[in-house]
Each structure stands twice: as C-alpha cells, then as structure tokens.
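So the chains spell out like this:
There are 2 protein chains.
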Amino acid sequence: MFEKKDQKQAGKSSELTALSELGEFGLIDRLTKNIQRFHPETLKGVGDDAAVIATGDKVMLLSTDLLVEGIHFDLTYMPLKHLGYKAVVVNISDIAAMNGIPLQMTVSIAVSSRFPVEALDELYSGILTACEKYHVDLVGGDTSSSVKGLLISVTITGTARPEEVIYRSGARSGDLLCVTGDLGSAYMGLLILEREKKVFQVNPAMQPELSGFDYQIGRQLKPEARTDIRNVLMGAGIRPTAMIDISDGLASEILHLCKQSKTGCRLFEEKIPIDPQTRELALEYNIIPTLTALSGGEDYELLFTVSQSDYEKIKDIEGITIIGHMTDNSGEKVMITPDGKQVELTAQGWNAWTSGLADKRTSGPVDKRTSGQAD
Amino acid sequence: MFEKKDQKQAGKSSELTALSELGEFGLIDRLTKNIQRFHPETLKGVGDDAAVIATGDKVMLLSTDLLVEGIHFDLTYMPLKHLGYKAVVVNISDIAAMNGIPLQMTVSIAVSSRFPVEALDELYSGILTACEKYHVDLVGGDTSSSVKGLLISVTITGTARPEEVIYRSGARSGDLLCVTGDLGSAYMGLLILEREKKVFQVNPAMQPELSGFDYQIGRQLKPEARTDIRNVLMGAGIRPTAMIDISDGLASEILHLCKQSKTGCRLFEEKIPIDPQTRELALEYNIIPTLTALSGGEDYELLFTVSQSDYEKIKDIEGITIIGHMTDNSGEKVMITPDGKQVELTAQGWNAWTSGLADKRTSGPVDKRTSGQAD
Numbered sequence: 505m506f507e508k509k510d511q512k513q514a515g516k517s518s519e520l521t522a523l524s525e526l527g528e529f530g531l532i533d534r535l536t537k538n539i540q541r542f543h544p545e546t547l548k549g550v551g552d553d554a555a556v557i558a559t560g561d562k563v564m565l566l567s568t569d570l571l572v573e574g575i576h577f578d579l580t581y582m583p584l585k586h587l588g589y590k591a592v593v594v595n596i597s598d599i600a601a602m603n604g605i606p607l608q609m610t611v612s613i614a615v616s617s618r619f620p621v622e623a624l625d626e627l628y629s630g631i632l633t634a635c636e637k638y639h640v641d642l643v644g645g646d647t648s649s650s651v652k653g654l655l656i657s658v659t660i661t662g663t664a665r666p667e668e669v670i671y672r673s674g675a676r677s678g679d680l681l682c683v684t685g686d687l688g689s690a691y692m693g694l695l696i697l698e699r700e701k702k703v704f705q706v707n708p709a710m711q712p713e714l715s716g717f718d719y720q721i722g723r724q725l726k727p728e729a730r731t732d733i734r735n736v737l738m739g740a741g742i743r744p745t746a747m748i749d750i751s752d753g754l755a756s757e758i759l760h761l762c763k764q765s766k767t768g769c770r771l772f773e774e775k776i777p778i779d780p781q782t783r784e785l786a787l788e789y790n791i792i793p794t795l796t797a798l799s800g801g802e803d804y805e806l807l808f809t810v811s812q813s814d815y816e817k818i819k820d821i822e823g824i825t826i827i828g829h830m831t832d833n834s835g836e837k838v839m840i841t842p843d844g845k846q847v848e849l850t851a852q853g854w855n856a857w858t859s860g861l862a863d864k865r866t867s868g869p870v871d872k873r874t875s876g877q878a879d
Numbered sequence: 505m506f507e508k509k510d511q512k513q514a515g516k517s518s519e520l521t522a523l524s525e526l527g528e529f530g531l532i533d534r535l536t537k538n539i540q541r542f543h544p545e546t547l548k549g550v551g552d553d554a555a556v557i558a559t560g561d562k563v564m565l566l567s568t569d570l571l572v573e574g575i576h577f578d579l580t581y582m583p584l585k586h587l588g589y590k591a592v593v594v595n596i597s598d599i600a601a602m603n604g605i606p607l608q609m610t611v612s613i614a615v616s617s618r619f620p621v622e623a624l625d626e627l628y629s630g631i632l633t634a635c636e637k638y639h640v641d642l643v644g645g646d647t648s649s650s651v652k653g654l655l656i657s658v659t660i661t662g663t664a665r666p667e668e669v670i671y672r673s674g675a676r677s678g679d680l681l682c683v684t685g686d687l688g689s690a691y692m693g694l695l696i697l698e699r700e701k702k703v704f705q706v707n708p709a710m711q712p713e714l715s716g717f718d719y720q721i722g723r724q725l726k727p728e729a730r731t732d733i734r735n736v737l738m739g740a741g742i743r744p745t746a747m748i749d750i751s752d753g754l755a756s757e758i759l760h761l762c763k764q765s766k767t768g769c770r771l772f773e774e775k776i777p778i779d780p781q782t783r784e785l786a787l788e789y790n791i792i793p794t795l796t797a798l799s800g801g802e803d804y805e806l807l808f809t810v811s812q813s814d815y816e817k818i819k820d821i822e823g824i825t826i827i828g829h830m831t832d833n834s835g836e837k838v839m840i841t842p843d844g845k846q847v848e849l850t851a852q853g854w855n856a857w858t859s860g861l862a863d864k865r866t867s868g869p870v871d872k873r874t875s876g877q878a879d
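Going down the list, the protein sequences come from chains Y and S. In terms of our numbering, the first sequence opens at residue 505 and continues consecutively. In terms of our numbering, the second sequence opens at residue 505 and continues consecutively.
One or more hints might be untrue.
For identical chains, the list gives no copy identity; a pair is met inside one copy or between any two copies.
Cut-off 30 Å, straight-line C-alpha distance, at most; resulting in silico cross-link-like pairs (DSBU-like, lysine-lysine) [claimed, not checked]:
hint : residue 1 : residue 2
1    : Lys726    : Lys652
2    : Lys819    : Lys701
3    : Lys702    : Lys537
4    : Lys702    : Lys845
5    : Lys537    : Lys819
6    : Lys537    : Lys637
7    : Lys701    : Lys766
8    : Lys562    : Lys652
9    : Lys652    : Lys701
10   : Lys817    : Lys775
11   : Lys702    : Lys766
12   : Lys537    : Lys817
13   : Lys775    : Lys652
14   : Lys652    : Lys702
15   : Lys652    : Lys766
16   : Lys652    : Lys845
17   : Lys726    : Lys537
18   : Lys845    : Lys701
19   : Lys763    : Lys537
For the record, the hints were derived by calculation from the structure and aren't laboratory data.
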C-alpha cells in the first residue's frame with residue numbers, strides 16, 4: 505500500500521485550499537501538470553476538445569463530459585428525454601470541434617432510487633434518438649445508484665484522417681475568426697425557463713408562459729451539434745487553422761484559442777451573430793445582448809480561424825460569420841465596440857464550486873439580471 | 505423539440521416501476537435492448553468487459569466504470585490516493601479481461617465544495633501512480649462540482665490484434681474453468697474495515713485494529729489488475745476460449761460466461777483458491793469461506809475457460825487454478841461440494857437501489873455476518 509504520510513499531509517487543515525479559490529481551469533491545470541505520456545500513439549492528451557490517438561492510417565478522437573443534476577441541469581424544466589439527447593449532443597460537438605466524425609459512445613449513469621425505471625426509459629429514449637440522428641453507436645456504460653440526484657457521464661470516440669484534425673493551437677496572426685450560427689439564445693432560453701420556474705414556485709397554479717420563445721428554449725433544451733460544418737468547409741476548399749466548440753461562451757472559447765495558439769485577437773462586437781428576438785429579450789431582462797453571446801454558453805456552435813487567403817471562399821457561406829481576426833500581440837485580446845472602444849475579453853470560466861445552476865452563467869458581466877426583470 | 509406526450513407518460517405514477525424491482529442487470533437489459541448499430545467498425549457493443557472497435561489492422565477496446573461515494577467506496581476508510589489507484593485498476597482489469605493491452609484513459613470527477621484542492625491532489629496522485637505502473641496515458645476528462653459527495657467516471661481504451669480478443673461467449677462444453685490468484689480476500693478486507701469503522705463510531709478514542717490483516721485490506725484498498733496473465737498464457741501457448749474479470753464475485757461471473765456461451769458448468773468447491781488466513785477470518789465472522797469467493801467480489805482476478813486439450817499446458821502454471829468445467833446442459837450451473845452435493849449457482853448481482861455500501865455484498869448467502877461477529 506502507499507505510505508502513510510500522504511493521508512496525514514492531506515489532513516493538515518491549516519494549509520488547505522478551497523476548490524473555489526482555483527476554479528475549474530485552475531484546478532484542471534493543477535491536476536494535470538504531472539501527467540506522463542507512455543505511448544507514442546497518444547498524439548494529443550489533455551487540452552483540446554478531444555484526445556487524438558493514432559490507430560493505423562486514421563486517428564481516433566476521444567472525449568468525455570459529465571452532467572450533474574443541480575449543477576448542469578434542472579429536472580424541473582429539463583425533460584429527461586431532452587436531457588438524454590443533450591448529453592449525447594454536447595459530446596458529439598466535441599468531436600465536430602476536432603473536425604472528426606463521431607463513431608461510438610459509452611454512457612454511464614448514477615441515479616437515486618427516487619427515479620422510476622420509466623424515467624430512465626425516457627432518458628435512454630433521448631440518448632438513442634440522438635444516436636440515430638448522428639449515427640453514433642452506443643457501445644457500453646455503467647449503471648449505478650447515487651446517494652442523491654442523477655449524473656450522466658458520456659465518453660465518445662470519433663475518427664478522422666490525421667491531416668484533417670484541427671487543434672485549438674493552429675491559429676496564426678492575421679487569421680480570420682469565424683463562428684457558425686448565432687449565439688446567446690441558449691442562455692436566454694435558460695433565463696426564460698428559470699423565470700417560469702420561479703413563478704411556478706410562488707404560484708403552482710400558474711401555467712408556464714413559454715409560448716413565443718420556442719427558438720430560445722429549443723436552443724437550451726435540444727441543442728444540435730454542428731457535424732455539418734466539416735462537409736461545408738471541405739466543400740468550399742477551406743481548412744480551418746484552429747477550432748473549438750462554444751460550450752462556455754464566446755469570450756472563454758476565444759481565449760482558449762488565443763492561449764493555445766499564442767496569439768492575440770480583435771473581435772468586433774457588431775459582427776457577433778445574435779438572433780433578433782434574443783437581442784430583444786436580453787434587453788427586456790436588462791442584459792446587454794452581446795453578453796449573452798460572450799458569456800452565455802451552451803450554444804454548441806463552432807468557433808474557428810481560417811487563413812486570410814480564404815476570405816473570398818468563406819465570406820458568402822450562409823450561416824458562417826467572420827467576427828474578427830487573430831493578432832501577433834498575445835497580450836491583446838480585445839473586443840471593439842461599434843463606437844470604437846476597446847474592451848478586454850475576460851475568461852468567464854465557470855467556478856462550479858461557488859455557484860449553483862441558476863447563477864452559473866450570471867457571474868461576471870451578465871450579473872445585471874439579478875437587479876430586475878423587465879416584464 | 506420532442507412531443508409533449510413523453511413527459512406525461514412518464515408522469516403516470518400508477519404505472520411506475522421502482523429501480524429496485526429490476527436490479528442492475530435487469531435495468532441494463534431493458535435500457536440497451538433498443539440499441540442500433542450504425543458502423544461496421546463496431547465489432548462488439550454492450551455486453552462484454554469492453555466494446556471492440558476495428559481500427560485498421562488492430563482493434564480498440566473501450567470500457568468505462570463509475571465509482572460513487574457512499575455506494576462503491578467509503579472515504580472514512582478509503583484514502584483518496586488508494587481510491588484514485590483503484591478507480592484506474594478496475595478499468596485496466598476490464599481491458600485485461602478482453603486479453604488486451606491498456607493504452608489511454610479519461611477520468612471525470614464530480615466533487616462537492618467540502619473537498620479541498622489537496623484532497624484532489626491525493627486522488628490524482630493515486631490515479632497517476634496507477635497510470636505509471638500500468639503504462640496508461642491519461643488523455644482527458646471533465647471536472648465538475650457535485651451536489652453531494654465524490655464521483656469518479658473512468659473510461660479506458662486498449663488494443664489487441666483482432667484474433668487475440670477473448671469474449672465472454674467463446675466457452676464450449678468440456679472447456680476447463682480456470683481462475684487466477686485467490687478469491688474472497690478483498691471482501692474480508694472490506695468487512696474488517698467496516699468493523700473498525702463501527703468501533704470508531706462508538707468510541708472515537710479507539711485505534712483501528714488493522715494490523716495482521718495487511719493482505720485482506722490491501723486486496724480491498726489497493727487491488728491490482730492481472731495484465732500479466734496475457735503474457736503468461738501466450739508464453740504457455742494457451743488461448744482462453746472465454747474470459748471475464750471478477751468484480752462482482754465468482755458465481756455472478758461464472759453465470760455471465762455460461763449465459764453468453766450458452767453452456768452449463770460444474771464448479772468444484774474444494775478447488776476454489778482461498779487464502780488460508782481469509783478462510784480463518786471468514787469463519788470468525790460466521791461466514792462460510794466459499795461464499796467470500798462466490799459472492800464477495802472486487803478481487804479483480806481473471807476467470808477464463810480453456811480447451812481440455814490445454815490441460816497439460818495449464819495444470820502446473822503457478823497462480824492459475826482449474827476449478828471446474830463447462831457442460832452442454834445450459835440449465836445446469838452447479839457447484840459440487842466436497843461431500844458430493846450439488847448446489848445451484850445463483851446470480852448475486854447487486855441491487856444497488858436497495859442496499860448501501862456496507863450491505864452491498866452481504867445480501868444473499870453472505871448474510872450471516874449480521875447475526876454476530878466472533879471476535
């Protein structure tokens with residue numbers, strides 16, 4: 505067995521560090537800094553959307569995600585079928601962010617005895633619906649009880665030819681920064697669902713007022729992964745230089761690309777694609793619309809960079825927007841507002857240990873919401 | 505979004521089924537019965553120790569395990585470093601059970617804010633120690649907060665040549681049933697730790713009485729995976745016909761082999777390898793020693809079958825014991841006692857939703873423990 509001193513050392517309470525002091529990214533850095541690599545087949549380990557493993561003439565991509573009730577989802581407004589669907593989609597999105605094709609998946613669940621079997625039938629129905637839509641084989645998993653709540657752990661594999669894989673680290677100064685679809689709507693969907701939950705808690709006889717917000721609620725409850733973009737870009741003869749999916753919010757993902765590519769960036773606020781209704785809703789909630797995109801997260805769109813020489817090829821592709829460019833000054837990561845001001849992009853990150861579900865994305869710039877809801 | 509009826513259907517409480525009614529194996533069967541397969545590369549999905557995926561001239565093995573605090577481990581006697589080590593080993597054991605070589609691993613953890621960063625350092629120290637020992641690359645993961653307790657989800661990959669992979673389904677009538685190492689000690693280690701926990705709860709000034717039981721406690725807290733067996737058997741020119749690792753207990757694993765191979769089996773009680781001190785300890789606890797092996801679990805030894813024609817090759821290999829043989833009567837799965845009686849082997853399984861940690865392995869035949877502890 506191990507030496508006894510380890511336990512004693514961990515027990516010295518005077519020197520202990522709270523998880524909230526480090527936050528998610530700090531913790532990951534700390535826990536992964538001593539990792540060794542034993543196999544040359546492991547081309548890329550921790551630090552991108554997926555690991556990359558050499559397997560003959562192709563590579564295998566490997567990614568994993570953990571969804572915890574009360575942290576990542578709230579079953580009072582997230583139907584179990586949607587939850588199952590979303591749990592699969594967020595993992596497929598990681599494979600799409602590497603420019604790969606998803607193949608197989610394992611799903612483990614821990615569930616307390618308060619859930620009936622039929623609830624898990626619903627969950628799996630959503631999982632299998634997503635598997636069918638994205639052609640992913642569910643090949644394994646583990647089923648366990650939990651002390652409290654539901655927890656879902658999904659691991660996915662994908663495939664690509666080695667030269668197709670796109671890392672976060674490939675962006676160069678001058679590259680155009682592009683995004684698919686529009687941003688911020690998943691976050692506004694969450695706020696609507698949270699609001700109706702509160703109304704319901706005050707007066708259970710009230711029916712939820714969700715009609716008219718189908719787009720935002722759909723983006724939150726049933727997001728899709730952009731596996732289509734691989735073919736769109738290949739068809740246009742474009743190979744992105746770096747890519748990441750937008751799970752935490754645009755600002756956080758841009759900073760990931762900058763950090764790993766060792767570049768700066770200039771983002772133009774007016775270029776950020778936001779659905780008009782989402783923009784209007786944000787204002788009703790006293791939130792600057794741009795912040796729903798920068799910090800909202802969960803849109804599962806792709807953020808990528810392309811060489812400037814690809815400008816003509818990419819500028820007219822529907823559903824792709826050029827929102828800025830990378831610079832050689834790695835100290836400068838800024839957003840330019842319509843009136844020409846420069847705002848520094850800050851890592852939203854997400855400190856899971858100081859905030860619950862509802863507060864998750866309202867820390868930092870989106871905190872105006874708590875000061876009043878205009879409707 | 506999905507149709508609304510799904511949610512309503514799941515809400516009809518009159519028709520709901522408790523998880524405890526189905527149990528783990530029943531639930532897995534129910535949830536996985538509608539799985540489709542989309543990719544020919546997926547050679548084997550749910551139903552063995554690992555999935556098998558074709559990747560060029562080799563196959564990739566993929567397996568996953570979930571460990572939940574209060575269900576699978578108790579931090580009052582499981583040091584975090586040991587927990588990290590064990591979480592890795594139980595996954596490596598799944599790859600060993602397919603006759604593969606472990607390669608890469610992802611580790612996701614959900615942890616509540618009650619844990620300091622130093623506790624996770626300890627956990628990862630154990631994880632990385634196991635990675636180093638077994639040469640496994642830690643390539644990814646997810647770190648999240650939990651509402652309560654610690655949860656660890658590990659997914660592992662392995663490799664093998666296609667012809668090397670050994671499934672649970674390959675046993676034939678007449679094949680010899682073999683086991684590595686000895687069984688039941690991990691379970692007795694758990695009972696010792698549970699007993700000392702109870703003593704400590706009654707009188708916190710008492711020091712735990714663990715000395716003299718190093719072997720049993722080590723088997724429980726720091727198990728090892730039998731990755732060595734692959735080379736031992738290859739060296740002896742033996743290719744098992746079926747294989748599984750012993751995580752739930754010998755009886756349960758034998759029944760898995762029989763079910764998937766469509767055979768019966770005859771197990772000889774006196775052949776089951778049990779450490780002499782473990783045997784003695786079991787008697788002190790009023791437990792029939794054989795039951796620690798049949799139902800205890802967590803020994804992570806390998807159970808496998810070989811052709812009768814390999815008898816001469818295998819009979820003298822140290823650390824491998826022939827304990828019975830497979831039969832063509834799939835209705836007969838029996839243990840022969842020393843006095844010639846036949847006892848039917850029953851699936852222990854483990855109904856996670858009706859039992860907590862301490863009770864986990866004491867349901868069924870091992871329930872004598874609750875009637876008295878002879879020390």
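Now the hints, each set against the structure:
In this assembly of identical chains, Lys726 and Lys652 lie within 30 Å of each other by CA distance both inside one copy and across copies; the values are 25 Å within and 27 Å between. Taking the shortest alpha-carbon separations for Lys819 and Lys701, neither the intra-copy value of 42 Å nor the inter-copy value of 67 Å comes in at or below 30 Å. For the homomeric pair Lys702 and Lys537, neither the shortest alpha-carbon distance inside one copy (42 Å) nor that between copies (39 Å) is at most 30 Å. In this assembly of identical chains, the alpha carbons of Lys702 and Lys845 never lie at most 30 Å apart, being 38 Å within a copy and 66 Å across copies at closest.
Taking the shortest Cα distances, Lys537 and Lys819 never come within 30 Å of each other, neither inside one copy (40 Å) nor across copies (47 Å). In this assembly of identical chains, the alpha carbons of Lys537 and Lys637 lie at most 30 Å apart only when taken from different copies (18 Å versus 38 Å within one copy). Taking CA atoms no more than 30 Å apart as the test, Lys701 paired with Lys766 passes in neither setting, with 43 Å inside one copy and 52 Å between copies. For a Cα distance limit of 30 Å, the shortest separation of Lys562 from Lys652 qualifies neither inside one copy, at 41 Å, nor across copies, at 41 Å.
Taking the shortest alpha-carbon separations for Lys652 and Lys701, both the intra-copy value of 21 Å and the inter-copy value of 23 Å come in at or below 30 Å. Taking the shortest Cα distances, Lys817 and Lys775 sit within 30 Å of each other inside one copy (18 Å), while across copies they are farther apart (73 Å). For the identical chains of this complex, Lys702 and Lys766 are neighbours neither inside a copy (44 Å) nor across copies (56 Å), given an alpha-carbon limit of 30 Å. Proximity of Lys537 to Lys817 under the C-alpha cut-off of 30 Å is found in neither arrangement, the shortest distances being 40 Å within a copy and 46 Å between copies.
In this assembly of identical chains, the alpha carbons of Lys775 and Lys652 never lie at most 30 Å apart, being 44 Å within a copy and 42 Å across copies at closest. Taking identical chains as interchangeable, the C-alpha atoms of Lys652 and Lys702 lie at most 30 Å apart whether they share a chain (23 Å) or sit on different chains (24 Å). For the identical chains of this complex, Lys652 and Lys766 are neighbours neither inside a copy (42 Å) nor across copies (38 Å), given an alpha-carbon limit of 30 Å. Proximity of Lys652 to Lys845 under the C-alpha cut-off of 30 Å is found in neither arrangement, the shortest distances being 48 Å within a copy and 45 Å between copies.
Taking the shortest Cα distances, Lys726 and Lys537 sit within 30 Å of each other only across copies (24 Å), while inside one copy they are farther apart (35 Å). When the C-alpha separation of Lys845 and Lys701 is checked against a cutoff of 30 Å, the pair qualifies neither within a copy, at 38 Å, nor between copies, at 63 Å. Taking CA atoms no more than 30 Å apart as the test, Lys763 paired with Lys537 passes inside one copy only; the shortest distance there is 16 Å, against 45 Å between copies.
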